[in-house]
Amino acid sequence: MRAAMTILWDSFRLLQAKKLFWIALGISMLVALFYASIGFNEQGMTLFFGWKEFENPLLRQGQPEAAAFYVLLFTDVILKFWLAWIAVALALLSTASIFPDFIAEGSIGISLSKPVGRLRLFLLKYFGGLLFVALQVTVFTVIVFLALGWRTGEWNLTVFWAVPVVTFVFSLLYAVAVWIGVWTKSTLFALLGAFLMWGVALLGQWTESFLYQAAHLVPESGIEFDYRTGEQVEKDSVEKNSAAVSFHKTAKAVVTPLPKTRDCTTYLKRLIKMKERDSLLAGVTFDMLLSGSLPDPRMAGAMKRNDERHSFWYVFGTSAIFEAVVLSLAAWVFCRRDY
Amino acid sequence: MDGPAVEIEYLKKRYGSFEALAGVSLSVPRGSVFGLLGPNGAGKSTMIKSLLTIIRPTECRGRMLGRPIGDRATLGKVGYLPEHARFAEYLTGREVIAYSAGMTGVPVRETRGRVDRLLETVGMKAWGEKKLGTYSKGMRQRIGLAQALVNEPEIVFLDEPTDGVDPEGRIDIRKMIEGMKAEGRTVFVNSHLLGEVEQVADQVAILSHGKVIRSGSVAELTGTGKHFEIRTLGPVPPALRERLESAGIQVAGDRIGVPAKDAGEVQSVIDALRAAGIVIRELKESRQSLEELFLSAVQGARQEGGQP
Ligand SMILES: Nc1ncnc2c1ncn2[C@@H]1O[C@H](COP(=O)(O)OP(=O)(O)OP(=O)(O)O)[C@@H](O)[C@H]1O
Ligand SMILES: [Mg+2]
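Chains as they are written, first to last, in the working numbering: chain Z, 1 to 339; chain S, 1 to 308.
Hint data in this document are derived by calculation from the structure and do not stem from the laboratory. A hint or two may mislead.
Claimed, not checked - Partner residues are not named here, just some residues of chain Z that face chain S (Cβ under 10 Å, in silico):
| no. | residue |
| --- | --- |
| 1 | Met5 |
| 2 | Thr6 |
| 3 | Ile7 |
| 4 | Arg13 |
| 5 | Lys18 |
| 6 | Leu20 |
| 7 | Asp101 |
| 8 | Ser107 |
| 9 | Gly109 |
| 10 | Ser111 |
| 11 | Pro115 |
| 12 | Arg118 |
| 13 | Arg336 |
| 14 | Asp338 |
Quick reminder that beta carbons are idealized off the backbone N, C-alpha and C, glycines included.
Could you build the full structure based on these sequences and the hints that come with them?
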């Protein structure tokens, strides 16, 4: 226990010493504050605590859509871009060197010559690295939680799902960085490896998502798409193209072993439960709301099915297996090697 | 709690096909300062790292502090200063020492007091709150020594502790090693700085190409080459010189070297010289220095083991 606290404390000191940690935290706070500055009045939406106004027929004070929009802004824009992209990328940049530095000649000896098992040392050091993201996202989410409560009157604790989910997404990539880091002892390779894995995983998920839209979403919305002429025709019912369906099926099978970095953050939207949004705005995208239009129910239904096409197991289970495998490889290298 | 601090029966380490330690055995008495000597690449660091589980020996039989080598719990009673020690630049000297304290399970409430005392001992009291990034090499080495002692270890391993330290700092480190011994700790020092080891070590072993080629107490080892030197006024006459040389005594001009364990054996030579009317102007006992012993041992081993 004493040793575990020592290692975690050391990880914390390491983060504190990183400039990027503070920069990321600073930007994080700005983004959260910007979010908090968005409000609604009788005409529409206001920005920067009422300084700028935008007229909008739907998004007005007191309208349930406005509250739902506010939540959607968090789950569809801020989560998707800030937390899932920039925050994770910054975290990778600043944590990739943790293991290569740790196992450097002249430094690892001190830790290994202590009565703490190698596996324990490895795992504690790994979890220490996750602190980077966990702390950032926690601070961020607290501000968002307060802003949501203040603007919509709903004190929604489910937004805190962002903390474990974003940390988990980061941990998937960090595991790869750690594995390559302990293997090559090089920060550069660790970073390259993690970003490469991220790219491959994203590509896989995009492909799956795109193929799903072609095979299911488009026909379910009542749109027939002629692939030869590129023409779109709206119909009452559209047959699904069996080739497209089986394409999607294959793609999904191929993507299954990959870490679901994107799908995990998308799933957050389902974990964060909001009464208005879930009833009123099911299947409504952010762009539709901004332009002040609502989709027809059939399309909304298809969108909702699109959003919910993956099971919890598919998104988190397969990712967790990926992480367990990569982490075991890393731990194996770490425990077996001579320093 | 008796018996040697470290008793290696057989230790072998191979890196791929390269044999860094070729079945070494040695024994480190409790409470002694043990010097492990050897040229670069002899396997000194490999030996220490094997004892501390930093590398995994290919084959290892032996005991440390009464427990089999590699036992985790025993490591709580061990201190270690690595070769080219690198501590995190973002920590203060105090935090570096506290890290080792935490890792060895020193209770939180005792840590502060111990760190204060150690900072004082290693002469870094004024620097305890400063970041390591601002330290000189010698200062880091002092902090390194302090962290090796924070768990009040029974045995301390120092891998080239004076590496990169100025002469004054070396004297300080030697005094610290003597201090550790006075506190009853066993000290295991790796070095190729023989003069230093000679001053502080009780026991030494010389390692070359992964083999122990000499070991024993410093007095014993340097004693094997003990001899007496007689200097005369003017050269020794050829007749007498021949007689002496046939008895295995070296004569070079006015200098006569008599291999002998004690002064008694020299008296007959003196008598012979005096009988021939030769004036003796100097008689002194001389020992082989550790350096001479080291060089002759290492060269001897190199000639013997001519194979690659
Ligand atoms: N990880 C490793 N992989 C392969 N060979 C190694 C490894 N570590 C050490 N060696 C080799 O083992 C031999 C012994 O190395 P070691 O560091 O123990 O020598 P040393 O006696 O401490 O030398 P020095 O005085 O230079 O510190 C060297 O020839 C070295 O090249
Ligand atoms: Mg060495």
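Okay, the hints, checked on the actual structure:
1. Met5: holds, 7 Å
2. Thr6: At 3 Å from the nearest chain S Cβ, Thr6/Z passes the 10 Å test, so the hint holds.
3. Ile7: Hint holds; Ile7/Z Cβ to chain S Cβ min 8 Å, cut 10 Å.
4. Arg13: Interface hint status for Arg13/Z: holds (6 Å vs cutoff 10 Å).
5. Lys18: Interface hint status for Lys18/Z: holds (8 Å vs cutoff 10 Å).
6. Leu20: At about 13 Å, which exceeds the 10 Å cut-off, the nearest Cβ of chain S leaves the hint on Leu20/Z violated.
7. Asp101: With a minimum Cβ separation of about 8 Å from chain S (threshold 10 Å), the hint on Asp101/Z holds.
8. Ser107: holds, 4 Å
9. Gly109: Nearest chain S Cβ about 4 Å off; hint holds.
10. Ser111: holds, 7 Å
11. Pro115: holds, 4 Å
12. Arg118: holds, 8 Å
13. Arg336: OK, holds: Arg336/Z within 10 Å of chain S, min 8 Å.
14. Asp338: Holds - the Cβ of Asp338/Z comes within 10 Å of chain S, reaching about 4 Å at its closest.
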